[in-house]
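What follows is the residue order along each chain.
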Amino acid sequence: MSIVRPYGDTTGDGMVQLSFTLPIPHDKRAEGAAVQLANKMGMDPALLVHAKPMGDGFTFFVVYGRVSHLVDTEKVQVVERDFPLLSAKEVNATIKRRLRRRLNVVGACIGTDAHTVGIDAILNLKGIAGEKGLEYYSELSVTNMGAQVSVPDLVETARERKADAVLVSQVVTQRDAHLQNTRAMTAAFREALPAGKRPLLIVGGPRFDELMAGELGVDRIFGRGTTPREVASYLVHALVGSSS
Amino acid sequence: MSSKLDLDPLVVRAARRLAAKAGRPVVDLARSHTTVSVERAVLRLAGVHGADQDGIPWVNRLVDAVRADVGLGHGIATPVFHAMRSTGIDDITVLAQKAATGALRFDVPEKKADVTAARRAARKATGAGLKIVDRRRAERDRLIKRWGDPEQRPWIYLIVATGDIYEDIPQAQAAARAGADVIAVIRSTGQSLLDYVPEGATREGFAGTYATQENFRLMRAALDETSKELGRYVRLTNYASGLCMPEIAALAGMERLDMMLNDSMYGILFRDINPIRTFVDQRFSRQVHARAGIIINTGEDNYLTTADAVEAAHTVTVSQLLNEYFAHEAGLENWQLGLGHAFEINPELPESFRLELAHALLARELFPDAPLKWMPPTKHMTGDVFRGNLLDGFFNLVGALTGQGILLVGMMTEAVVTPWLSDRDIALQNVRYVLTGAGNLHEDFVPAPGGFIQQRASLVLAEAIELLEKIVDDSLLTAIAEGTFGIMKRPADRGKGLDGVARHEDGYYNPVTEALES
Chain R
1 MSIVRPYGDT
11 TGDGMVQLSF
21 TLPIPHDKRA
31 EGAAVQLANK
41 MGMDPALLVH
51 AKPMGDGFTF
61 FVVYGRVSHL
71 VDTEKVQVVE
81 RDFPLLSAKE
91 VNATIKRRLR
101 RRLNVVGACI
111 GTDAHTVGID
121 AILNLKGIAG
131 EKGLEYYSEL
141 SVTNMGAQVS
151 VPDLVETARE
161 RKADAVLVSQ
171 VVTQRDAHLQ
181 NTRAMTAAFR
191 EALPAGKRPL
201 LIVGGPRFDE
211 LMAGELGVDR
221 IFGRGTTPRE
231 VASYLVHALV
241 GSSS
Chain U
1 MSSKLDLDPL
11 VVRAARRLAA
21 KAGRPVVDLA
31 RSHTTVSVER
41 AVLRLAGVHG
51 ADQDGIPWVN
61 RLVDAVRADV
71 GLGHGIATPV
81 FHAMRSTGID
91 DITVLAQKAA
101 TGALRFDVPE
111 KKADVTAARR
121 AARKATGAGL
131 KIVDRRRAER
141 DRLIKRWGDP
151 EQRPWIYLIV
161 ATGDIYEDIP
171 QAQAAARAGA
181 DVIAVIRSTG
191 QSLLDYVPEG
201 ATREGFAGTY
211 ATQENFRLMR
221 AALDETSKEL
231 GRYVRLTNYA
241 SGLCMPEIAA
251 LAGMERLDMM
261 LNDSMYGILF
271 RDINPIRTFV
281 DQRFSRQVHA
291 RAGIIINTGE
301 DNYLTTADAV
311 EAAHTVTVSQ
321 LLNEYFAHEA
331 GLENWQLGLG
341 HAFEINPELP
351 ESFRLELAHA
361 LLARELFPDA
371 PLKWMPPTKH
381 MTGDVFRGNL
391 LDGFFNLVGA
401 LTGQGILLVG
411 MMTEAVVTPW
421 LSDRDIALQN
431 VRYVLTGAGN
441 LHEDFVPAPG
451 GFIQQRASLV
461 LAEAIELLEK
471 IVDDSLLTAI
481 AEGTFGIMKR
491 PADRGKGLDG
501 VARHEDGYYN
511 PVTEALES
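Order-wise, the sequence lines are chains R and U. Following the working numbering, the numbering of the first sequence begins with 1 at its first residue and continues without gaps. Following the working numbering, the numbering of the second sequence begins with 1 at its first residue and continues without gaps.
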C-alpha cells in the first residue's frame, strides 16, 4: 500500500496528536488561538484536550485531531547513508578482526577557530546527547589536539601518530574562514604525503555543505547533528571495510 | 533515618579506612605541589582584578612573569610582595600590569627580614580577600534566616544554559518561581580547558554560559531579588572544575555562590586533565569552599553514563568514599558533601527499579549526614518522551523513598532538545506529584530483612571494598591510569595542564593555604 494516513484507532481516521506552547496567558481566547493553529496545520476537527498556564503569560496545549493529508510512501525521498551504522561493539570488533591494530585518529580545530565544541563532542569520552565520543572506542587511538592548531602542526602530528584519519572541526565561518582553512589543510597534506600514505581527511561543522567534499579536497564532510557513532561507522567503512 | 539495609558497621568502617589509605598518597602529592591556578587564586584573593586588552586576566600575566623569573616553587606571594616593597608600587593590579610589560624583575629575597616583610604583606592582602568570603558566608546565613529554606527535601535543582547571562537571568527567575530551590548555570563547552577565567558579563557561549566573576555577581543579585519575592532562599550553583578550579572557587566564595560542582576525578577522566594538576587544584578549591560554606556536588553520576550502571555500581561507592575523604581532609563538613549518584540502570533489565533503590539506599546509609545529589536518567533516554516522563517519575520516587538531599530534575526531552519551557513545567509537575503523593513514603518503606535490596546493597559494598583494597595496593594514580573509573585510562604523566604544576621548593609560601589550614 503506497497511500497511507495517520492511524488513531480505525484505518483511515487520520488522527494525530500535537502539543505546543503559546506565549499568551490562559483564557478562552488562548484556547481558541490553539485551535486556530491546529486548524491551520490541517487538523480538522481539532479537539483541544488540555490547556495549562505556565509561569507568566504562557500556556501549554495538547490537541488531538484529524488530518486529511495523504502520504504516498512511494514518493518519499531520503538521503541514504552510504555506510552501515555500527554499534561501538561492532566498530571495535571489526577493527580488531580486520585491521589487527588500533585505528589512529587525530583531531583538531585549525586556524584561529577556538571552538572545540564540535571536535570535543565527537572525540571526548563524554560525547554528545548521551552518545560517547571516539575516545570511548577501545580500538580507536585518539589524539585530540584541541583549538587553534596550525596546519603544519596538524600534518606533523598526523605523520608522527601514523594517523589513519584526520578529523578537523570548523565552526567559525566569518569571511568563509572554514572553507579557506579546509583548503589549506588538504593542500598541505597533499604536499607532505603521497597519495597512498595520506590519511583519510574529514571535516565537520554546522555550516558545511555536505556535497562540497570533492571541491575542498576532503574525503568526507559531516554537517550539523552528526554523532560520534556515525563518524566511527564511517571510519570503519572507509578504512577497514564492511563488518560482514 | 534509621538503618534499613542492616549494613555491618565494621565493614563500613573498613571501607572508610581503606579510602583514607588510598587517598593519603594523593593528599601528600597535593601538599607538596602547587599549580598556576592555585597561585592565580592567591592573587585574586589578594585583590588583582581585570584583564588586558586581549582578555587575558592580569593574574595570568603576573603569574607568567614571576614564573619566568623565579619559577613557581616558592609560591607567588613572596616574590610578588617583595617586589611591591622594593618598587614602592602599592596597588597589586598596577604591579601586574607593570610586570606584563616586562619592566619588572622578580626574585625570591634571601634576607630573612625581607622574607618576613613580604609574607606579612601577603598575609594582609589575601586576608582582605578571605574577609570578603567570610562576609559573604555570614550574609548567606542571614538571608536564609530571613527568607527561609525550602520546605521540602530533596531540594529541587534546575538548570539554565542559554549562553547569554542576560537571557539566563529571566529563565532562572522563572524556574525559581516555578519551584526550583537551586539554579545551576551550565558552563560553556570548552571552558574547563581554558587556562584562564574569562572576564566580565558574557553573552555568547556554547551550550552554556561562561563562568566569570561578573556573571556570578549578576545572577546572584537576580536570585536574591527572586528569593525575597518568594520568601525562600534560592541557591545558585556553578562549576569549580577544569583547569581553573582554585580561581573559580575563590570567585564563587567572593560572590556568594551556594553550591559548586567539584569532583576529585571528573576532570581527569572526562576532560583528560592531568591527574596531579587536578588533585592539587582540587584540594585548594575545596579548602576555599569549606571556608565559604559552599556545598560541593561530586560527579559520580558520570561514571554510569560510560560504564554499565549495574556492573560499575561499586565504582560509584568507591568514588564517593574517596570524595568524602578528600573533602574532609580539605576541611569540608558532612553537610557540605553533595555526593553524586544517578538513576542510570537500563530499564529493560529485570528488577532495574529494585536495583536502583538498593544503590540509592546504600549511598544514603553510608553517608547519613551528606545531602546526596540524585541525578536523573540520561543514558537510557531515547527521544521517546512519554517513556522518558515515566522513567523520570520512577527516578523521583527513588529520590523520595531514599531521602536524597538534592534532586536534579530530569527532563523527558533529555537527548532531544535543550529543555523547552513546557518540558521544564512537565518535569516539575512530575516532581511535585511524587513528592506530594509519596514524599513521606520512606517512613513505611522498609526493605525485607535479607531480601533482594539488602543483599544487593551488601554485595555492592563488598565489591567496593575489594576494589579499594586493590587501589591501596596499586595506588590511586595507577588505578586511574588503568581505567578503573568510567573506563578511561589516564596516566599521571599525561593530560592537559601538567606544565602548570610545580613541586614546592624549600620555603614555599602560600598565605591562603596557611590561613585555611590554621
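Keep in mind that the hints are not guaranteed to be accurate.
Calculated cross-link-like contacts (lysine to aspartate or glutamate; reagent style EDC-like; alpha-carbon spacing at most 16 Å) [stated by the list, open to error]:
(1) R:197 / R:160
(2) U:489 / U:474
(3) U:489 / R:139
(4) U:124 / U:167
(5) R:197 / R:156
(6) R:89 / U:308
No lab work stands behind these hints, which were simulated from the structure alone.
Satisfaction of hint between residue 167 of chain U and residue 124 of chain U, Cα-Cα up to 16 Å
39 Å, violated
Measure nothing beyond the straight line between the CA atoms of residue 197 of chain R and residue 160 of chain R; if it is 16 Å or shorter, mark the hint as holding.
Between residue 197 of chain R and residue 160 of chain R the Cα gap is close to 13 Å, so the pair holds against 16 Å.
Within 16 Å, alpha carbon to alpha carbon, are residue 489 of chain U and residue 139 of chain R?
Distance of about 13 Å is within 16 Å: holds.
Is the Cα-Cα distance between residue 197 of chain R and residue 156 of chain R 16 Å or less?
13 Å, holds
Holds or violated: residue 489 of chain U to residue 474 of chain U, with C-alpha atoms at most 16 Å apart:
Since the Cα atoms of residue 489 of chain U and residue 474 of chain U sit roughly 15 Å apart, the hinted pair holds (cutoff 16 Å).
Assess, step by step, whether the Cα of residue 89 of chain R is no farther than 16 Å from the Cα of residue 308 of chain U, and give holds or violated.
14 Å, holds
Checked against the numbered hints given earlier, the structure breaks only hint 4 and satisfies all the rest.
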